[in-house]
Structures are given as structure tokens and as C-alpha cells.
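A.B. asks: Residue-level listing of the chains:
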Amino acid sequence: MSLEILGITVLWIFLYGYLIVASIDFGAGFFAFYGRLKNKEHTLNVLISRYLSPVWEVTNVFFVFFFVGLVGFFPDAAYYYGTALLIPGSIAIILLAIRGSFYAFNNYGSKENIVYLFLYGATGLLIPASLSTAMTISEGGFLEVTDGTVKFLTAELFTSPYSWSVVVLSIVSVLFISAAFLTYYADRAGDMDSREVLRKFSLFWSPPTILASLLVFVGLMEHNNEHFMNALDIWWMFGLSLVSFFAASYLIYKRKKFGTAFIFVMLQFFFAFFGYGASHLPYILKPFITIESSVTNPAMGMALVIAFIAGLLLLIPSLILLMRLFLFDAEYVKGKK
Amino acid sequence: MELDSVILSRMLTSTTLAFHIIFATIGVGVPIMISIAEFMGIKRNDPHYILLARRWARGFTITVAVGVVTGTAIGLQLSMLWPAFMQVAGQVIALPLFMETFAFFFEAIFLGIYLYTWDRFKNKWIHWLLTIPVMIGSSASALFITTVNAFMNTPQGFELSDGKAVNIDPIAAMLNPATPPKVFHVLTTAYLTSALILAGITAFAILKKKGSEYHRKALRLTMVSALIFAFATALAGDISAKFLAEYQPEKLAAAEWHFETEKNADLIVFGTLDENNEVHNEIRIPGFLSFLAGNSFDKEVIGLNEIPEDERPPLWIHYLFDLMVSIGFYSIFISGLFILFWRWKKRDEWNKPLLWGIVASGPLAMLAIEFGWIYAEVGRQPWILRGYMKVADAATKADGVGLTFMMFVALYVLLGILCVVVLIKMFKNKPAEAELEQRFPKHTE
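Quick mapping for you: the protein sequence lines, in order, are chains A and B.
According to the working numbering, the first sequence is numbered sequentially starting from 74.
According to the working numbering, the second sequence is numbered sequentially starting from 85.
Everything labelled a hint here was simulated from the structure, so no lab data went into it.
C-beta: ideal position from N, C-alpha, C; glycine also.
Warning: the hint list may mix true and false statements.
[Stated by the list, open to error] With a straight-line cut-off of 20 Å between C-alpha atoms, the simulated EDC-like cross-links for lysine to aspartate or glutamate are:
hint	chain 1	residue 1	chain 2	residue 2
1	B	K206	B	E297
2	B	K481	A	E217
3	A	K359	A	E229
4	A	K224	B	D477
5	A	K407	B	D203
6	B	K206	A	E404
7	B	K301	B	E521
[Claimed, not checked] Far from chain B by the CB rule (all over 10 Å, computed), these chain A residues:
hint	residue
8	E229
9	N303
10	W308
11	L313
12	K329
Whole structure, please, built from the sequences with the hints as guidance.
C.D. replies: And the structure:
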């Protein structure tokens, strides 16, 4: 495997990791706020905070990892994205900052603050929308380079049907992924009240996820036909994604094997995300950055790969420990520890 | 002064960093103190120390949260505000940036585990062992990010050809000459500042409520730690001065208002400067700058006149340098005095002026951190990559930096205020004595 393919694969894995863990987190914020409004906090919110408290910080790192890695493997990306995303990127950072710190203020500091919880829930839906902007820009047509200055065409972005379809998909997927995971977690906790609420959420958000995905395909066909044709070449990836989706929804509907159902949800997004990524190549940012043109110098690329492997050797056992203590420890999940 | 995007980018970067380093310093230093307290508690079977570790850890979560989000902000702002810099240097410093994230990841995992497993292990030492990866993670991330800053001061490990970095040697770039003194100085001052802040809070509690055994133990522990870290800081500062004399003479010369290259150079403490660069009202210590720069009065110290005028840093950094050093000496003095009084039985170490002196030492130490960073950063102006790229060529050309600046200032004001409010509420609602009673009911004072 060439260095650049290796690099982008590593980054894509991290972005996928972020997609899953952050979706659970973002959706949980929304559900927690909803639970408070409907006075279901005693069941739903205790459950959510028991899961989130030990892991929220880890979620953030996946994201930092992605952008640090992107700058490392593809330094030109720092230049174009950096210049173009000054305003939308700053808004996303501010939302992330509010969310992260308000989570801590609410959970460790003063409990029961409805304003903190509202901001935490609302940002959970706004952040995926604003982060997905970066993904939309990569399709080309939203940046203009004149005399070496990169200009971001805001108006184009706001009037593009494709960009809106991506926003809708990101929000709906967040709610679906999160609900599916929390249903599983509630089931393990033996918290049937929460499980039923969350199961309804899962089923409610499941059809829109597929509708939004189809919308994105239509949008892509209009906006970037080349990418769309590439995607058709690997149609089986998207087919597997659809099959996983049906399997997950079926299990949740039948109240069977919520753990397996969540694995199917992960597979659904795995196939879709990697299919999308593979068909995106060779462009990183169309038409300015292709994967070959901007790759870092080989010595640094090698050093990054070595650091990456060494880091994984350290992280994977630690993550397993974290999951065993808080995710798969039945006593903890049930609130007995 | 015109507010172009270069100035605005500098303003935004310095605001973010000035805010972030408060939390970053606490993030690096406090885990050490938590670990020491828990160790003492288990070793001596003393619930006071265990409770100390618990309460510090609880407050720590709030500061960590703010540190994490502002750290994410500066990480992204590097590319958004200085895209041309990152396009060149990103190639060379990607490795330490990447490794810093790993260290942070490692810390995040174990901090999560540490905070939620207090009563989970039968063997208390297992829980204490979790502090080790947290300390390693926080100090290692400080180490890696400091190598990036060191690289900007003494770049090496690459060649520049047509504005592109070539022949990159990632390890040489990381282990540049500025790395050892900077890392040593950053770590010791972070430990020192955290110890003094915790000491200051404790001294304040004693002054307000006369304090219990719990507070007295806490103050002794933090003061002893502070004295050790203060000596280490002084040593690190001395090494840094010698490093500057050798590799960045213009930074040292600007800090010391040293214009003529000479042997037996005088050290200038405080004073004022007129428009002809004449020094007035100063305290002059003969020959001491040479001694500081090379352990000998015969050491020749390069003066600012040797440096081209457009490559000189601004001269106001002198005041920051002097204030930083003065506060450093103050921390040795105050912690030394407390320990002296405590050990020398005829003196009362709980007298009010001394306690107020300790209360002041916490915020002062944090100010010294700020002064030191501003001195170090402004002292390498006009360069962003010393000798390679000037700040003015690196800034973004995008519109909207001014708007972004205002949004972030609003964010930091909000986070700053709420952080303080939440922390005060958190401890006011649950005094240490009540918590001790509740957690360790068998324990009697």
C-alpha cells in the first residue's frame, strides 16, 4: 500500500471512529434535554450520564486526531481548508467548546441547570451540521482561488441542495446512531422504561436515515457527477450498508439482540462511509488537492506511520480497559458501582 | 496601529493561548499533586489525604474540560489563522503534534477511569496506580507541544527550497536546541504553579474559617512540594538564560536592554527606557548578565546593536522578564519561610501575614506563567519561524478575522466566569469537614 493511501485510510478510520462515538454523544445530549422536558429524567438522564461521564473526553480526542493527522499527512489541506473555513470552522469550535465545558459544568458542578442542559442538547445537533460543511466543501465548487488567495463562496453553500441534504443526513444519522446505542445500553442496564423510550426513538429515526441517504445521492449526482459515477462502481458497498440497516431495524423492532443490532448500525455506517470515501478519491479537496499532489514528505510519512502504530499499541489496550470497566461491566451499567 | 489581518490574527492567537495556558498549566501540574496526596493517604492510612486527592480531582475535572475545548480551539486556529505557516512547517512538526494527541488520548482514557473507580478496587493501590498514566499523559503532551514551540524558535531538520520544506528529518526537528531547556522550564513551572494555587486556596480557607487538621495537612504538603518545584524552576530558568545567550541572543539582549556586545555585562533590573534607548532608574548588578549567560564574568554577551533593526524584538519585554523572575524568587521565599516557621518551633507558621502571602502566591505564579510566555513569544518577533519565515507572511488572507476575534473573546469571557462560579459553588456547598464526616464516619479528629 502506498504511503498516501495508508495515510488517508488511517485518517478515515479515525473519522469513522469519531462519527460513531460523537454521534452517540451528540444524540445523547438531545435525548437528555428531551427527557428533562418530558420529566423522564430519572430514568433516561441517569442512564445517559452513567455512560457519558467516563468517556466524553475520549470522544473529543478522535476529532483532534483527525485534523492533526490531516495536516500531517496532507499539509496542503491545512492551507486550503484553513483559509476557507475561518468563519464556519470557528463557529464549529465555539459550539464544541460550549458543549464540552457545559457538559462538565452540568455534570460535575451544579446539577439540575436547565440552561446548561439546553445548550448541551442544542449544540449536539448544530455541531454535526457545521462539521458536515467541511465534507460538502471537499466536493468542489465552494472555493475560489484568485492570485493565491482562497475565497469561500458562502452563498453557493447556502443555496446548494447538495449541501442541505448532507446537513439533514448528518443530524438524522446522529439521532439514529445514538438511539440505537442507548437502547442497547438501557437494555443491558435492565432499565426497561428508558429502553422503550429509546427503542421508539430508534424506530422513529430509522426511515429518515435512509431517505436522507438517498437524498444525498441525488444531490451528489447533480453536484459532482464524477463522484457519483465512481460511487456506482462500488455499488455493492452501499448495498451492504442497506442490508445492515434493515437487519438493525428488524432486530430493534422485534426487541431482539440490541447489541447485535447496534453492530449492524455500525456496519451500515462503515460501508456507507468507506464507500463514500473510496469513491471520493483521488481528490481530497476537488480540484485543488489530490491524494498524490499534496502528500507529505516520505520521511515524515514514515515517522507518522510508526508513531501511529506505537500509539495504537498503547491506546487499544487502554480503550479495552475503559470499555470493560464502564461499557461491558454489567454491575456498573446497572448503577451498582 | 492598523487592524489588518496580521495584527488581528496575532491578537486572536494570543488571546486563545493566554486563556488556554491557565488551564493547560493546571492540567499538567495538578495530577502530580493529586497523585502525591493519594499516595500519602494510602501509605499513612490517613483519610485526610485521600479526601484531599478526591476534592482536588473533582475540581480538576472542570478545569480539564475548559482546557480540552480551548486546546481544540488553538489546534484548529493554527491552520485557520496561519495557513501559510502550517503549509510549510506542518510537514516538519506533524510528528510531535500527532504524538501530543496520543499523549492526550492516553490521559483522557485514564482520567475517566480514575474519576469513576474510587471505591471500586479492594486494593487501594490499584486506584492510585491509575494516576501514573494520567501524569505521564499530561506531562508528555506538554513535552511534545513544547517541542513544536521550540522548533519555531530554533528551527532545524529541514531545508527550504522554493517555499517548500525538503530533506525533512522529523527527529532532528523535534530535538532542536531549544527543546531541552524549554521542556524543563515548562514542566517545572507548571508543577510549581499548580502547587502554589492549591496552597493559596488552602491558605485562604484557613484564614476564613480558621481551618481544620485537613487544611493544615494540605498546606504543609503543597508548600513542601512548592519549595522543591521552585528550586527546580530556578535551575530551569538559569539553563534557559544560558541557552538564549548561545542560540537566541536577540531575545536575551532585548529582555536585558543590553545594546553593546561586551564582556562583564551588567544585569539591569527594572528601570525605564527613554527614546534614545538610555536606561534610567534601574538597579544595576555589575557583571551579572555575563554570569547569567555563561557562569563567568568574562563571558561575552551579544548586544542588540549587532542585530539588524528589522529583526529586533520589542524592548518592553524587559518588564515581563523581570516580573517573571521576581515572582519566581518570591515563590522560593514564601514556601521557604513557611517551612522554616513550621520546623522552627518558636515561630507560628499560621500567622496571618504569612498566610496572606501564600494566598497571593497562587495568582502571582499564574501571572508569571503568562509573563514568561508573552516574553518568550514576543521575544522572537518578527519571526514565526526564526530565520525562515516572518509572522507577516504567515497570516491568513481570509476576511472575517475581526469577527472571529470578537466571537472567541465572548466565548472566553463566558467560560472564564462560569468556570469560577461553578468551582466556587462546588466546594462551598460541601465543606471538607462535612464530606470527611460523611465518607469516613469512623474517623474522629
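A.B. asks: Hint by hint, note whether the structure agrees.
C.D. replies: Against the structure, the hints:
Of the supplied pair hints, the one linking B:K206 and B:E297 is violated, its CA atoms being roughly 27 Å apart against a limit of 20 Å. The suggested pairing of B:K481 with A:E217 holds, with an alpha-carbon distance near 13 Å, which does not exceed 20 Å. The hinted pair formed by A:K359 and A:E229 meets the criterion: a straight-line CA distance of about 15 Å does not exceed 20 Å. Only pairs whose Cα atoms come within 20 Å are accepted, and A:K224 paired with B:D477 is accepted, the gap being roughly 18 Å.
Taken as a hint, the A:K407 and B:D203 pair is honoured in the structure, with Cα atoms around 16 Å apart against an allowance of 20 Å. Note on B:K206 and A:E404: the hinted pairing holds, with a Cα-Cα distance of about 16 Å set against a maximum of 20 Å. Straight-line distance between C-alpha atoms of B:K301 and B:E521 comes to about 17 Å, which keeps the hinted pair within the 20 Å bound. Non-interface status of A:E229 relative to chain B is upheld: no Cβ of that chain comes within 10 Å, the nearest being about 16 Å off.
Every CB of chain B is more than 10 Å from the CB of A:N303 (nearest about 28 Å), matching its label as outside the interface. The Cβ of A:W308 sits about 35 Å from the closest Cβ of chain B, beyond the 10 Å cut-off, so the non-interface label holds. Residue placement check: A:L313 keeps its beta carbon more than 10 Å from all beta carbons of chain B (closest about 30 Å). The claim that A:K329 is not at the interface with chain B holds, since no C-beta of that chain comes within 10 Å of its own (minimum 31 Å).
Violation of the numbered hints given earlier is confined to hint 1; every other hint is satisfied by the structure.
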